[in-house]
Every structure is written in structure tokens, then in C-alpha cells.
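Chemist: Sequence:
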Amino acid sequence: MARYTGPKHKLARREGVNVLDKTSNTLIRRLTIKPGIHGAKRAKKLSEFGQQLREKQKAKAVYGILERQFRKMVNSVADKPGDTSELLIALLETRLDNMVYRLGFAKTRFMARQFVGHGHVLVNGKKVTIPSFQVRQDDVIELSSKIQKNPDITKLLAEEKQTPPFVERKATVGKLSRMPQKEDIQVPFNTQLIIEYYSR
Numbered sequence: 001m002a003r004y005t006g007p008k009h010k011l012a013r014r015e016g017v018n019v020l021d022k023t024s025n026t027l028i029r030r031l032t033i034k035p036g037i038h039g040a041k042r043a044k045k046l047s048e049f050g051q052q053l054r055e056k057q058k059a060k061a062v063y064g065i066l067e068r069q070f071r072k073m074v075n076s077v078a079d080k081p082g083d084t085s086e087l088l089i090a091l092l093e094t095r096l097d098n099m100v101y102r103l104g105f106a107k108t109r110f111m112a113r114q115f116v117g118h119g120h121v122l123v124n125g126k127k128v129t130i131p132s133f134q135v136r137q138d139d140v141i142e143l144s145s146k147i148q149k150n151p152d153i154t155k156l157l158a159e160e161k162q163t164p165p166f167v168e169r170k171a172t173v174g175k176l177s178r179m180p181q182k183e184d185i186q187v188p189f190n191t192q193l194i195i196e197y198y199s200r
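Each residue of the sequence shown is one higher than the one before, counting from 1 in this note's numbering.
Just so you know, the hints here were simulated from the structure itself, not pulled from any lab data.
All figures in this text were calculated on a predicted structure; none of them were measured in a lab.
Treat the hints with care, since some could be wrong.
[Stated by the list, open to error] Straight line, CA to CA, 20 angstroms or less: simulated EDC-like cross-link-like pairs of lysine to aspartate or glutamate:
no. : residue 1 : residue 2
1   : Lys182    : Asp83
2   : Lys72     : Asp83
3   : Lys60     : Glu86
4   : Lys182    : Glu159
5   : Lys72     : Glu86
6   : Lys72     : Glu196
7   : Lys107    : Asp152
8   : Lys107    : Glu168
9   : Lys127    : Asp138
10  : Lys170    : Glu160
11  : Lys126    : Asp138
12  : Lys126    : Asp139
13  : Lys182    : Glu86
14  : Lys107    : Glu159
15  : Lys60     : Glu168
16  : Lys175    : Glu196
17  : Lys175    : Glu159
18  : Lys127    : Asp139
19  : Lys149    : Glu159
20  : Lys170    : Asp139
21  : Lys149    : Glu160
22  : Lys170    : Glu196
23  : Lys170    : Glu159
24  : Lys107    : Glu160
25  : Lys182    : Asp79
26  : Lys45     : Asp79
27  : Lys161    : Glu196
The task is simple: from the sequences and hints, build the whole structure.
Modeler: Below, the structure is given as C-alpha cells:
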């Protein structure tokens, strides 16, 4: 399946979750209204399977992940010891594109994915162009000198941004200081329902 490249507001309204990673008053007002001419009608109550499916779709939309990638991630944590939900969130959060976003090097995950794909992100001093690259503890992430000269990026990097407790940032360099935990991040989807969906 191809990655969704249509209007981000439409995607957000379809899933009922803000996938833009930034405040939009227009979107917030319309977030509960589904796209299309019948969007304002009362939605039917979902079955158990329907609820699981919607939560899965939300997570994929938020992190910009394709079905095969996401299924592989869920299956990879299913048999591991520990809290499966926490392990899944840790995998999602330590994708390179998400780390670039969490460190405040990009305004949105969409922008962060572009930076990685265009070769503007270094991990431990080496260029990495795979957005799904899994960052490990103590890996150092930085933007290339070329993208740092972009006036919009210079302005963005100068802004104060609160980072989650599992990362450290100093100027244009960041690091994954420890693996993310469930209490570090408030995700807008139910990880347990997602795990149940794939374990059917």
C-alpha cells in the first residue's frame, strides 16, 4: 500500500486525531467531524473489531507508517518479555524520523521524514536516509551543516522546545539518553486494542 499523500486535515478528521503535530484551530474545531458530505451525521457504534481497527489506523496515521511496517513492529514485540504496549511505543518513538521531530529539529513528523529521506540527518556522524531506522540508546543525532544554513531551520532551531525526558539536546545535536517508557508520552490511541487486532 502506498503512503498517504493527500490533505493532512482530511486524514486527521478521518482518524479523529491531530496528525499535524501542531496546533490548528480550524482542525481542532472540525476534528470530530468525518470528511465527506455525510461527515456531520452521527457515527454508528463500532464493533470490537471496528474499535481495534480504528486504533490501529490512528497509530499509523500519527507516525506515518505503512501497514506492512506496522504489522512487523507489533509482531516483533508480541513475544518479548515485558509490557507489550510499552515496547511498541518505544519502537515507534525511536524511529529516526520521530526522533528528529521529538528533538525539535523539524516542526512535524512529515517534515522530519523528508529531512531523513533527503540525507539531512546524521546518526553518530554518518548520513542515514531511512526514516524507519531504529535509534539506539546513546546514539547521537544531528542535522547536516547544509540544512542548518536554511533560514527557516535556523529560526526553528533557535526556538525553545520542550523535549521528552528520554532525549537530550544541545543546539543542533541530540541524543537518545534512554529508551522511552509509557508514562513519557501520551499517545492518542489505545495500544492494547492494536495488539489485540494483530493477535486475532
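Chemist: Next, verify each hint and record whether it holds.
Modeler: Hints, one by one, checked against the model:
With a CA separation close to 9 angstroms, the supplied pair Lys182 and Asp83 stays within the 20 angstroms bound. Between Lys72 and Asp83 the CA atoms are separated by roughly 17 angstroms; this keeps the pair inside 20 angstroms, and the hint holds. With a C-alpha separation of about 16 angstroms, the suggested pair Lys60 and Glu86 falls inside the 20 angstroms cut-off, and the hint holds. Of the supplied pair hints, the one linking Lys182 and Glu159 is violated, its CA atoms being roughly 27 angstroms apart against a limit of 20 angstroms.
As the CA atoms of Lys72 and Glu86 are separated by approximately 16 angstroms, the hinted pair is consistent with the 20 angstroms bound. A distance of roughly 14 angstroms separates the Cα atoms of Lys72 and Glu196; the hinted pair therefore holds under the 20 angstroms criterion. For the suggested pair Lys107 and Asp152, the alpha carbons sit about 11 angstroms apart, so the restraint of at most 20 angstroms is met. A hinted pair counts as satisfied when its Cα atoms are at most 20 angstroms apart, and Lys107 with Glu168 qualifies at roughly 17 angstroms.
Note on Lys127 and Asp138: the hinted pairing holds, with a Cα-Cα distance of about 17 angstroms set against a maximum of 20 angstroms. In summary, the hint linking Lys170 to Glu160 is supported, as the alpha carbons are separated by about 11 angstroms, within the 20 angstroms threshold. A distance of roughly 15 angstroms separates the Cα atoms of Lys126 and Asp138; the hinted pair therefore holds under the 20 angstroms criterion. Proximity of Lys126 to Asp139 is assessed by CA-CA distance (about 11 angstroms); at most 20 angstroms being required, the pair is judged to hold.
Of the supplied pair hints, the one linking Lys182 and Glu86 holds, its CA atoms being roughly 5 angstroms apart against a limit of 20 angstroms. For the suggested pair Lys107 and Glu159, the alpha carbons sit about 11 angstroms apart, so the restraint of at most 20 angstroms is met. Between Lys60 and Glu168 the alpha-carbon distance is near 26 angstroms, which puts this suggested pair outside the 20 angstroms criterion. With a C-alpha separation of about 33 angstroms, the suggested pairing of Lys175 with Glu196 is violated against the 20 angstroms cut-off.
At most 20 angstroms may separate the alpha-carbon atoms for a hinted pair to count; Lys175 and Glu159 meet this at roughly 18 angstroms. Among the hinted pairs, Lys127 with Asp139 is consistent with the structure: their alpha-carbon atoms are about 13 angstroms apart, no more than 20 angstroms. About 15 angstroms separates the Cα atoms of Lys149 and Glu159, which keeps this hinted pair within 20 angstroms; it holds. Between the alpha carbons of Lys170 and Asp139 the distance comes to roughly 14 angstroms, so the proposed pair stays at or under 20 angstroms and holds.
Under the criterion of a C-alpha separation no larger than 20 angstroms, the hint pairing Lys149 with Glu160 is consistent with the structure, at around 18 angstroms. At most 20 angstroms may separate the alpha-carbon atoms for a hinted pair to count; Lys170 and Glu196 exceed this at roughly 40 angstroms. In summary, the hint linking Lys170 to Glu159 is supported, as the alpha carbons are separated by about 12 angstroms, within the 20 angstroms threshold. About 12 angstroms separates the Cα atoms of Lys107 and Glu160, which keeps this hinted pair within 20 angstroms; it holds.
For the proposed pair Lys182 and Asp79, the alpha carbon gap of about 18 angstroms is at most 20 angstroms, so the pair holds. At roughly 32 angstroms between alpha-carbon atoms, Lys45 and Asp79 are farther apart than 20 angstroms, so this suggested pair is violated. With a C-alpha separation of about 35 angstroms, the suggested pairing of Lys161 with Glu196 is violated against the 20 angstroms cut-off.
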